[in-house]
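Dock chains F and V with the ligands against chain R, hints included.
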Amino acid sequence: MSWTRNVLRVDLSKGSCTSEPLNMEWAKLYLGQRGLASKYLSEEVDPKCDPLGPENKFIMTTGPLTGTMASTSGRYSCVTKGPLTGAIACSNSGGYFGAELKNAGWDMIIFEGKSDKPVYLLLQDDKAELRDATHLWGKTAWETDDIIHATHQEPQMRIATIGRTAENGCLYAAVINDKHRAAGRSGVGTVMASKNLKAVAVRGTQGIGNVEDANAFMQATNDGKAVLAENAVTGQGLPAFGTQVLMNVINGIGGLPARNMRDVGFEGAEHISAEAMAEPRASDGKPNLTTNAACFGCTIACGRISTVDPTHFSVKDKPQYQGASGGLEYEAAWALGADTGVDDLDALTYVNFLCNEDGMDPITYGATVAAAMEMFEDGNITTEHTGGIELTFGNAEAFVAITEQFCQGGTFAEDLGLGSKRLTEKYGRPELSMTVKGQEFPAYDPRGIQGIGLNYATSNRGACHLRGYTIASEVLGIPVKTELNDTDGKPELVKAFQDATALVDSSGLCIFTTFAWGMDNIAPQIDAACEGDWSVENCLEVGERVWNMERLFNEAAGFTADDDKLPKRLLEEAIKDGPTKGQVNRLGEMLPKYYEVRGWTADGKIPEETRKRLSL
Amino acid sequence: MQKSLHIDPGKCTGCLQCEMACSYEHTGTFNPSRSYIKVFTFHHEGRFAPYTCTQCDEAWCMRACPVDAISVDMATGAKVVSDDKCVGCKVCTIACPFGTINYSQATGKVVKCDLCGGDPQCAAACPTSAITYVDADWTGYDRMMASAAKSLPSAEATA
Amino acid sequence: MQHLIIGAGPAGVVAAETLRKADPDADIAIIGDEPEPPYSRMAIPYYLIDNIDESGTYLRDPKQHFASLDIEVVQQRVDKIDTTGKTVALADGSSRSYDKLLLATGSHPVSPPIPGLDLPQVHSCWTLADARNIIKLAQSGSNVVLIGAGFIGCIILEALVRRGVNLAVIEMGNRMVPRMLDEKAGGLLETWCKNKGIDVHTSCSVDGISDAGDGQVEVSLSDGGKLNAALVITATGVRANTDLVEGSDIKVDQGILVDRRMQTSNADVYAAGDVAQGVDFSTGNFEVQAIQPTATDHGRIAALNMAGQGDEHHGTLNMNVLDTVGLVSCSFGLWMGVDGGDSAELYNPDEFQYISLQFDGNTLVGASSVGKTQHVGVLRGLIESKIDLSDWKDRLMADPTAIMEAYVGSTQELGYS
Ligand SMILES: Cc1cc2nc3c(=O)[nH]c(=O)nc-3n(C[C@H](O)[C@H](O)[C@H](O)COP(=O)(O)OP(=O)(O)OC[C@H]3O[C@@H](n4cnc5c(N)ncnc54)[C@H](O)[C@@H]3O)c2cc1C
Ligand code: SF4
Ligand code: SF4
Ligand code: SF4
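These protein sequence lines are chains R, F and V, in that order. Taking my numbering, the leading residue of the first sequence gets 1, the next gets one more, and so forth. Taking my numbering, the leading residue of the second sequence gets 1, the next gets one more, and so forth. Taking my numbering, the leading residue of the third sequence gets 1, the next gets one more, and so forth.
Chain R extracted, bound-state conformation (with noise of 0.2 Å):
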């Protein structure tokens, strides 16, 4: 069976934890985490409410294959409606946590209404109680868990917690598990804050067994992890370099954006990639770069835990931030870094702990602060704003001194926690913000690779790589090489990835697996593992209804075709140089095509026809 078929459910308003049965209609409809708590989050929450508001409701939730033997188990998902774009929000973690809830008997939490005071959730098994956690707000994510860690003195507790940004009203803060693991985007941290909800505790001991057919499990999976290993991308690629590995790839092929956007190619490039992480210091000799780390079941094993140098300025007299942790992923190097045009590694790798230790998305951060510095550079925000800090592109101490007065809540961090749009928006300058629905984009410029354009035009919860990441195809090949600037079968590439990837994100496993597994891979997984057919054919279906639904949500939120658009920087201003000179996003070119490829009408509904077809 896999799901556990037990829901908790947590009415912070009453202070009561109840436990019922998962939906098993909706779980063979949606599988699970992903798609199954997106369908409960539609049909149990108005799509018109406000997402800070106590009628809006937190699910964390896990896939039937989470905290099992498959490869990459560790996942689970943060779904909501999100605060920085008003749409449907679903962030994805990796770590310990996910598993954890899993063994604790639960495929999800839903959270509902709104605690009085501080709360955190303790989660032993089938024991689930509020802790007042009045001691605990206005402290960090790592000082969180250490505390909750000494207080129940049992180190194999796995906690998922919000920092001091989510508490101040960051509009993109991210809920951090493990203490480096985030569930990042769209802003699900700051929606357990607006509940009062500081942190959810666990420890699972009860075992995930049942699973459908085990033998037929153990085979399929060991199959998966075989061609896991065998592949260049996730059996070498990824474990040695990392995401990071991409930094140099992109900047190459004249795919990387620089200082917000205003420019494709970054020079500091090579001193902010997987390469210079590997690369031994002066100062001590060691690496950047310690080790690779795996989250829970994962055989690919890309996370990366760096130090940063003890003598860097930024971490000089502060022993704390001077030993191992989570260390500079592609998206966050490329946001704090190339978008900031700041090449330091070090202020980098020491910034994004600041981003894991204070739960702030790195990407929405980093562009943010980039959008600042093109407004700062122009006049728009002065040093009177800053509180005195000089915020030009590629200035490494006022790029620390910014991110550490934003963490501790200073003079601007009211204006930063805004994200781009809201920022641009409020000194001007609304055409610089590089965002769709609110949300900013990676690390992979439209202009240069034209699918991923589409992509962040229609991806439900704003711009984002991981709703389809074409990246695979358009650069890596994967499954097949499709041109960069072709625009000519990248609404059916996109669709494709979506859908894939929906389905992915609601099993449990992990989206870097799709490097090397094809769905005939992970289908037979999931069948192994569940009851009910889930064959290649039906699990691609499930994907497409899971689009579709997110997609139904945000239409009743008051999306529209309108905001299935990039900026207009990218669809007019053309890369000055490099070997993508002269391109620009032809959006429109792919955008009617891709209503089309999904059965969509040519201004972006859902037609009866087509929800039923997808049993919506």
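FYI, nobody ran anything at the bench for these hints, they're computed from the structure. Beta carbons: idealized from backbone N, C-alpha and C, even for Gly. Misleading hints may appear alongside valid ones.
[What the hints assert, rightly or not] Below are the BS3-like pairs computed for lysine-lysine, each with C-alpha atoms no more than 27 Å apart in a straight line: (1) R:316 with V:393; (2) R:127 with F:109; (3) V:393 with R:179; (4) V:80 with F:112; (5) F:11 with R:179; (6) R:286 with V:393; (7) V:86 with V:136; (8) F:85 with V:21; (9) V:63 with F:109; (10) R:568 with R:581; (11) V:194 with R:127; (12) R:179 with R:318; (13) R:286 with F:11; (14) V:80 with F:85; (15) V:63 with V:21.
[Stated by the list, open to error] For the chain R half of the interface with chain V, some residues (derived, Cβ under 7 Å), not all of them: (16) 150; (17) 153; (18) 155; (19) 392.
[Said to hold, decoys possible] Not close to chain R: a few residues of chain V, all C-beta gaps over 10 Å, as computed: (20) 76; (21) 87; (22) 172; (23) 182; (24) 201; (25) 204; (26) 214; (27) 215; (28) 216; (29) 249; (30) 261; (31) 351; (32) 399; (33) 402.
Just chains F and V with the ligands, lined up with the frame of chain R:
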């Protein structure tokens, strides 16, 4: 030639496949809390170290048991707990100086590595070969035993 | 070579087995006075709750184990030993000679000076014979008074609760298990027991016991209270069985004095287990520990030395583990700390969690914990190996639960991939 588990912490990524494999072998569920091998995390150093019973010659656990519930599996050399005999008194859990025999609330008995009867599932599941099952003499096993012995003066004194 | 062992408890049995390994050709005999095959007192609590039958308490399979090792087991009481003639006299009038003699006669419970202890409802809990009596009287729903909440008392307590009796516990000290746990830990046990419906009286003693008719007795307490009971169990400490050597050349203090080879003041006589006052690892002093792991360690070391293969013993670590109706506690070595040493502590009474580490400089010398079952043995490892914890002490001071990390981190090559 008797074989033993060889652990190379430098290769461990902390994926816990070994813990799942061990618990699956012994309980039929994926349940790290019931694994006999435990991966310890050294957050500050960025290291992981799997650790389990080394089937030490001293067998402190076996000697402390008041009811003869622990015996040596002649085929593998593993010190094995008999669930039928163990009364759950826990004296072995304080006697083993390596902390590798533990009380299980779930069964009311103690549990420890039994080398899976000669087919260690943790080693089979480890994706990085941080855990291997190899001939005892050419592994670091001797070194490990020696360091264990060194760290416990009585092991020499009474061997 | 004639090896003679008096006492068929764990110390005697382990000694016999070790002798057999060390000296394959020797004559080895164990003489024990209890009417059962060699058994383990520690298993009695599990016999009380029907977890095992009597045979489950046996130290070894009596049918073939001793015969297969060619160890003779004699069921007799030894009345006298003659260290000059090197013989022992048995109760049946026979005698036996020895080359080397091991005294593993254990200890016996001591009774407090309370009037009424001779009533048939009053028992100690030391032997299988005692256990049979307790089973008869400790019926579900009956009132039972346990005098003494020391280590043994607390172990029996668990069994009595599981038998479903209404239990009252009287302890003279200001807390439960005062010689194993400090006030915080002992306090946790007391609260825990009270939450489970046990009537715990600390700083309280029993003034007397009298017949109350109907098979019941009345127990009068120093705080003025009176309790009715169908059964009273005394668990107020033990004393070494040294009577055999009284008047001989073998020196006795609290127990039989032995050196680091478990040799007594007579070169051919050794002592082991509860009866021996052996060297304590932590203090270097000679003390009676009266615990099972010490008995087996003693037995081994004595045997090796009797066979001429032994070494000096570095001492046995005093340690205990206790399960008090589901709350597990343990203590090791100098759990009460040393002068000038640092201590690290985490105390969460609401969670019934406690851990305390005691350092002398950078080495761990003692520890205790409540509510922990995982990896506690490593505390022994850390203490007995005297590992230099300078790299870990700060971290342990901040988080004393990181004991396993400290041990693994200081003994294993962590390596860089
Ligand atoms: C109920 C109970 C629970 C316990 N639980 C624990 C525990 O959890 N952990 C722990 O560490 N310890 C525990 N103990 C203590 C432990 O049982 C003793 O420390 C251990 O039995 C000592 O072993 P020994 O061989 O020295 O002595 P014993 O086991 O007492 O054996 C000595 C034997 O010698 C016999 N003997 C004595 N004099 C003569 C003679 N003159 N001739 C012939 N035979 C003689 C005795 O009758 C006895 O059979 C417990 C004890 C009891 C009673
Ligand atoms: S559990 Fe401990 S004492 Fe027993 S064999 Fe293993 S390492 Fe040795
Ligand atoms: S817990 Fe079981 S195996 Fe361990 S000493 Fe007690 S009876 Fe023996
Ligand atoms: S050898 Fe078997 S029992 Fe031992 S740790 Fe590995 S999986 Fe567990």
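Here is what the structure says about each hint:
1. With a C-alpha separation of about 23 Å, the suggested pair residue 316 of chain R and residue 393 of chain V falls inside the 27 Å cut-off, and the hint holds.
2. With a C-alpha separation of about 23 Å, the suggested pairing of residue 127 of chain R with residue 109 of chain F holds against the 27 Å cut-off.
3. In summary, the hint linking residue 393 of chain V to residue 179 of chain R is supported, as the alpha carbons are separated by about 23 Å, within the 27 Å threshold.
4. Distance check on the hinted pair: residue 80 of chain V and residue 112 of chain F sit about 45 Å apart at the alpha-carbon level, beyond 27 Å; violated.
5. The suggested pairing of residue 11 of chain F with residue 179 of chain R holds, with an alpha-carbon distance near 22 Å, which does not exceed 27 Å.
6. A hinted pair counts as satisfied when its Cα atoms are at most 27 Å apart, and residue 286 of chain R with residue 393 of chain V qualifies at roughly 25 Å.
7. A hinted pair counts as satisfied when its Cα atoms are at most 27 Å apart, and residue 86 of chain V with residue 136 of chain V does not qualify at roughly 43 Å.
8. At most 27 Å may separate the alpha-carbon atoms for a hinted pair to count; residue 85 of chain F and residue 21 of chain V meet this at roughly 24 Å.
9. Between the alpha carbons of residue 63 of chain V and residue 109 of chain F the distance comes to roughly 25 Å, so the proposed pair stays at or under 27 Å and holds.
10. Between residue 568 of chain R and residue 581 of chain R the CA atoms are separated by roughly 17 Å; this keeps the pair inside 27 Å, and the hint holds.
11. Between residue 194 of chain V and residue 127 of chain R the CA atoms are separated by roughly 22 Å; this keeps the pair inside 27 Å, and the hint holds.
12. Taken as a hint, the residue 179 of chain R and residue 318 of chain R pair is honoured in the structure, with Cα atoms around 18 Å apart against an allowance of 27 Å.
13. Restraint check: the Cα-Cα separation between residue 286 of chain R and residue 11 of chain F comes to about 18 Å, which is no more than 27 Å; the hinted pair holds.
14. For the suggested pair residue 80 of chain V and residue 85 of chain F, the alpha carbons sit about 37 Å apart, so the restraint of at most 27 Å is broken.
15. Proposed proximity of residue 63 of chain V and residue 21 of chain V is supported: the alpha carbons are some 20 Å apart, at most 27 Å.
16. Of the supplied interface hints, the one on residue 150 of chain R holds, with its beta-carbon coming within about 6 Å of a beta-carbon of chain V, less than 7 Å.
17. Given the 7 Å rule on beta carbons, the hint for residue 153 of chain R holds: about 4 Å separates it from the nearest Cβ of chain V.
18. Taking 7 Å as the C-beta contact cut-off toward chain V, the hint placing residue 155 of chain R at the interface holds, the least distance being around 6 Å.
19. Annotation: residue 392 of chain R was flagged as interfacial toward chain V, and the flag is violated, the nearest CB pair being 38 Å apart, outside 7 Å.
20. No beta-carbon of chain R is positioned within 10 Å of the beta-carbon of residue 76 of chain V; the least distance is around 51 Å.
21. At the 10 Å boundary, the C-beta of residue 87 of chain V stays outside the reach of chain R, the nearest C-beta of that chain being 57 Å off.
22. The Cβ of residue 172 of chain V sits about 31 Å from the closest Cβ of chain R, beyond the 10 Å cut-off, so the non-interface label holds.
23. With a least beta-carbon separation of about 16 Å from chain R, residue 182 of chain V lies farther than 10 Å from that chain, consistent with its non-interface assignment.
24. Under the 10 Å C-beta cut-off, the non-interface status given to residue 201 of chain V relative to chain R holds; the minimum distance is some 29 Å.
25. Residue placement check: residue 204 of chain V keeps its beta carbon more than 10 Å from all beta carbons of chain R (closest about 31 Å).
26. Distance check on residue 214 of chain V: its Cβ is at least 44 Å (rounded) from any Cβ of chain R, clearing the 10 Å threshold; non-interface status holds.
27. Residue placement check: residue 215 of chain V keeps its beta carbon more than 10 Å from all beta carbons of chain R (closest about 43 Å).
28. Its beta-carbon lying about 41 Å from the closest one in chain R, residue 216 of chain V satisfies the requirement of being farther than 10 Å from that chain.
29. Taking the minimum C-beta to C-beta distance to chain R, about 53 Å, the non-interface status of residue 249 of chain V holds against the 10 Å cut.
30. Even its closest Cβ contact with chain R, about 41 Å, leaves residue 261 of chain V beyond 10 Å, as expected for a residue assigned away from the interface.
31. With a least CB separation of 6 Å from chain R, residue 351 of chain V falls inside the 10 Å interface cut-off, contrary to its annotation.
32. With a least CB separation of 7 Å from chain R, residue 399 of chain V falls inside the 10 Å interface cut-off, contrary to its annotation.
33. Consistency note on residue 402 of chain V: stated as away from chain R, yet its beta-carbon is not over 10 Å from all of that chain's, at 7 Å minimum.
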